[in-house]
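Order-wise, the sequence lines are chains A and B. With our numbering as the guide, the letters of the first sequence map in order to residues 0 to 115. With our numbering as the guide, the letters of the second sequence map in order to residues 3 to 110.
One or more hints might be untrue.
Claimed, not checked - As a list, the in silico BS3-like pairs of lysine-lysine whose alpha-carbon atoms are at most 30 Å apart:
| # | chain 1 | residue 1 | chain 2 | residue 2 |
| --- | --- | --- | --- | --- |
| 1 | B | K60 | B | K24 |
| 2 | B | K39 | A | K40 |
| 3 | A | K17 | B | K70 |
| 4 | A | K21 | B | K24 |
| 5 | B | K44 | B | K60 |
| 6 | B | K70 | A | K51 |
| 7 | B | K59 | A | K18 |
| 8 | A | K51 | B | K24 |
| 9 | B | K73 | A | K17 |
| 10 | B | K70 | A | K21 |
| 11 | A | K51 | A | K40 |
| 12 | B | K39 | B | K60 |
| 13 | B | K39 | B | K24 |
| 14 | B | K44 | A | K39 |
| 15 | B | K24 | B | K70 |
| 16 | B | K73 | B | K24 |
| 17 | B | K73 | B | K59 |
| 18 | B | K70 | B | K60 |
| 19 | A | K21 | B | K73 |
| 20 | A | K51 | A | K17 |
| 21 | A | K21 | A | K39 |
| 22 | B | K59 | B | K44 |
| 23 | B | K73 | B | K60 |
| 24 | A | K51 | B | K44 |
| 25 | A | K18 | B | K70 |
| 26 | B | K60 | A | K21 |
| 27 | B | K70 | B | K59 |
| 28 | B | K44 | A | K17 |
| 29 | B | K24 | B | K44 |
| 30 | A | K21 | B | K44 |
| 31 | A | K39 | A | K18 |
| 32 | A | K17 | A | K39 |
| 33 | A | K21 | A | K51 |
| 34 | A | K18 | A | K40 |
| 35 | A | K17 | A | K40 |
Unchecked claim - Stretch-level coverage of chain A by chain B, calculated; a stretch enters the list once three of its residues show a Cβ under 8 Å from a Cβ in chain B:
| # | stretch |
| --- | --- |
| 36 | 44-55 |
| 37 | 63-69 |
Please keep in mind that the hints were generated in silico from the structure rather than gathered at the bench. Where a beta carbon is used, it is the ideal one built from N, C-alpha and C, also for glycine.
Here are the chains, one letter per residue:
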Amino acid sequence: ETGVTQTPRHLVMGMTNKKSLKCEQHLGHNAMYWYKQSAKKPLELMFVYNFKEQTENNSVPSRFSPECPNSSHLFLHLHTLQPEDSALYLCASSPRASGGNTGELFFGEGSRLTVL
Amino acid sequence: GENVEQHPSTLSVQEGDSAVIKCTYSDSASNYFPWYKQELGKGPQLIIDIRSNVGEKKDQRIAVTLNKTAKHFSLHITETQPEDSAVYFCAAPREATFGRGTSLIVHP
């Protein structure tokens, strides 16, 4: 148990569906991250939030829409995805994400997404 | 942005042998160098890290060495065991980016 919980663990969706991934951290951290992990590009950084503000958007397509209502919760809203978006989506948190090193990242166990 | 190169992509060893994984980085301002282990079905977890004011750090069978001049740092695992089999990642925390990973297989 790392203190970062992701739901659902598995998700299958069609290309026209709308779904959301949820991440919650109980570590009192101020920064949260979304990563995409696939065979082609392991651990690809997607978004970074620091104190609820988005500080990084790594050229992610608009069909992925993040939301960070507070420092403990992070969502990834999914709509009109493509089969190549099938991957493991990992959430992480750290004490901070600005002004230098992030420090240790604490990862959840991921949400395995399959787009049909 | 920060560029992190990790080698090898796959490493197969016999139980009891040593394993070494190397990462090179590009940002001279980096001062924190972590290694993560990812087991099947789990997210990556930090196993060891080093700061730029030291050249080596050990924790039982694992160690990390840092060469700031050459901009590379390495993970060393001695007396490998089957439970060491996993994917290992180095990271460049200044931009929260990771190397491509090394799949370590330890044969009993």
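Evaluated hints:
Only pairs whose Cα atoms come within 30 Å are accepted, and B:K60 paired with B:K24 is accepted, the gap being roughly 16 Å. For the hint linking B:K39 to A:K40, the alpha-carbon distance of about 17 Å falls within 30 Å, and the restraint holds. Between A:K17 and B:K70 the alpha-carbon distance is near 47 Å, which puts this suggested pair outside the 30 Å criterion. Taking the CA atoms of A:K21 and B:K24, the gap is near 34 Å; set against the 30 Å cutoff, the hint is violated.
For the hint pairing B:K44 with B:K60, the CA-to-CA distance comes to about 24 Å; that is within 30 Å, so the pair holds. The suggested pairing of B:K70 with A:K51 is violated, with an alpha-carbon distance near 34 Å, which exceeds 30 Å. Note on B:K59 and A:K18: the hinted pairing is violated, with a Cα-Cα distance of about 44 Å set against a maximum of 30 Å. Of the supplied pair hints, the one linking A:K51 and B:K24 is violated, its CA atoms being roughly 35 Å apart against a limit of 30 Å.
Restraint check: the Cα-Cα separation between B:K73 and A:K17 comes to about 44 Å, which exceeds 30 Å; the hinted pair is violated. This hinted pair does not check out: B:K70 and A:K21 have alpha carbons roughly 39 Å apart, beyond 30 Å. Annotation: proposed proximity of A:K51 to A:K40 holds, straight-line Cα distance about 27 Å (limit 30 Å). This hinted pair checks out: B:K39 and B:K60 have alpha carbons roughly 16 Å apart, not beyond 30 Å.
Proximity of B:K39 to B:K24 is assessed by CA-CA distance (about 14 Å); at most 30 Å being required, the pair is judged to hold. Of the pairs offered as hints, the one joining B:K44 and A:K39 holds, with about 18 Å between alpha carbons and a cut-off of 30 Å not exceeded. In summary, the hint linking B:K24 to B:K70 is supported, as the alpha carbons are separated by about 13 Å, within the 30 Å threshold. Using a Cα cut-off of 30 Å, the hinted pair B:K73 and B:K24 holds, with the two alpha carbons roughly 11 Å apart.
At roughly 17 Å between alpha-carbon atoms, B:K73 and B:K59 fall within 30 Å of each other, so this suggested pair holds. Taking the CA atoms of B:K70 and B:K60, the gap is near 18 Å; set against the 30 Å cutoff, the hint holds. A C-alpha spacing of about 37 Å is found between A:K21 and B:K73, which places the hinted pair above 30 Å, so the restraint is violated. Straight-line distance between C-alpha atoms of A:K51 and A:K17 comes to about 23 Å, which keeps the hinted pair within the 30 Å bound.
Distance restraint check for A:K21 and A:K39: the Cα-Cα separation of roughly 24 Å lies within the 30 Å cut-off, and the hinted pair is therefore satisfied. A threshold of 30 Å between alpha carbons decides the hint, and for B:K59 with B:K44 the separation of about 26 Å falls inside it, so the pair holds. Proximity of B:K73 to B:K60 is assessed by CA-CA distance (about 19 Å); at most 30 Å being required, the pair is judged to hold. About 26 Å separates the Cα atoms of A:K51 and B:K44, which keeps this hinted pair within 30 Å; it holds.
Straight-line distance between C-alpha atoms of A:K18 and B:K70 comes to about 45 Å, which puts the hinted pair past the 30 Å bound. This hinted pair does not check out: B:K60 and A:K21 have alpha carbons roughly 36 Å apart, beyond 30 Å. Distance check on the hinted pair: B:K70 and B:K59 sit about 14 Å apart at the alpha-carbon level, within 30 Å; holds. The hinted pair formed by B:K44 and A:K17 meets the criterion: a straight-line CA distance of about 26 Å does not exceed 30 Å.
The hinted pair formed by B:K24 and B:K44 meets the criterion: a straight-line CA distance of about 23 Å does not exceed 30 Å. In summary, the hint linking A:K21 to B:K44 is supported, as the alpha carbons are separated by about 16 Å, within the 30 Å threshold. Distance hint between A:K39 and A:K18 is fulfilled; the C-alpha atoms sit about 24 Å from each other, no more than 30 Å. For the proposed pair A:K17 and A:K39, the alpha carbon gap of about 25 Å is at most 30 Å, so the pair holds.
A threshold of 30 Å between alpha carbons decides the hint, and for A:K21 with A:K51 the separation of about 15 Å falls inside it, so the pair holds. The suggested pairing of A:K18 with A:K40 holds, with an alpha-carbon distance near 23 Å, which does not exceed 30 Å. For the suggested pair A:K17 and A:K40, the alpha carbons sit about 24 Å apart, so the restraint of at most 30 Å is met. Counting residues of the stretch 44-55 of chain A whose CB lies closer than 8 Å to any CB of chain B gives 3, which reaches the minimum of 3, so the coverage claim holds.
With a cut-off of 8 Å between beta carbons, the stretch 63-69 of chain A has 0 residues touching chain B; three or more are needed, and the interface restraint is violated.
Violated hints, in rising order: 3, 4, 6, 7, 8, 9, 10, 19, 25, 26 and 37; the structure is consistent with all others.
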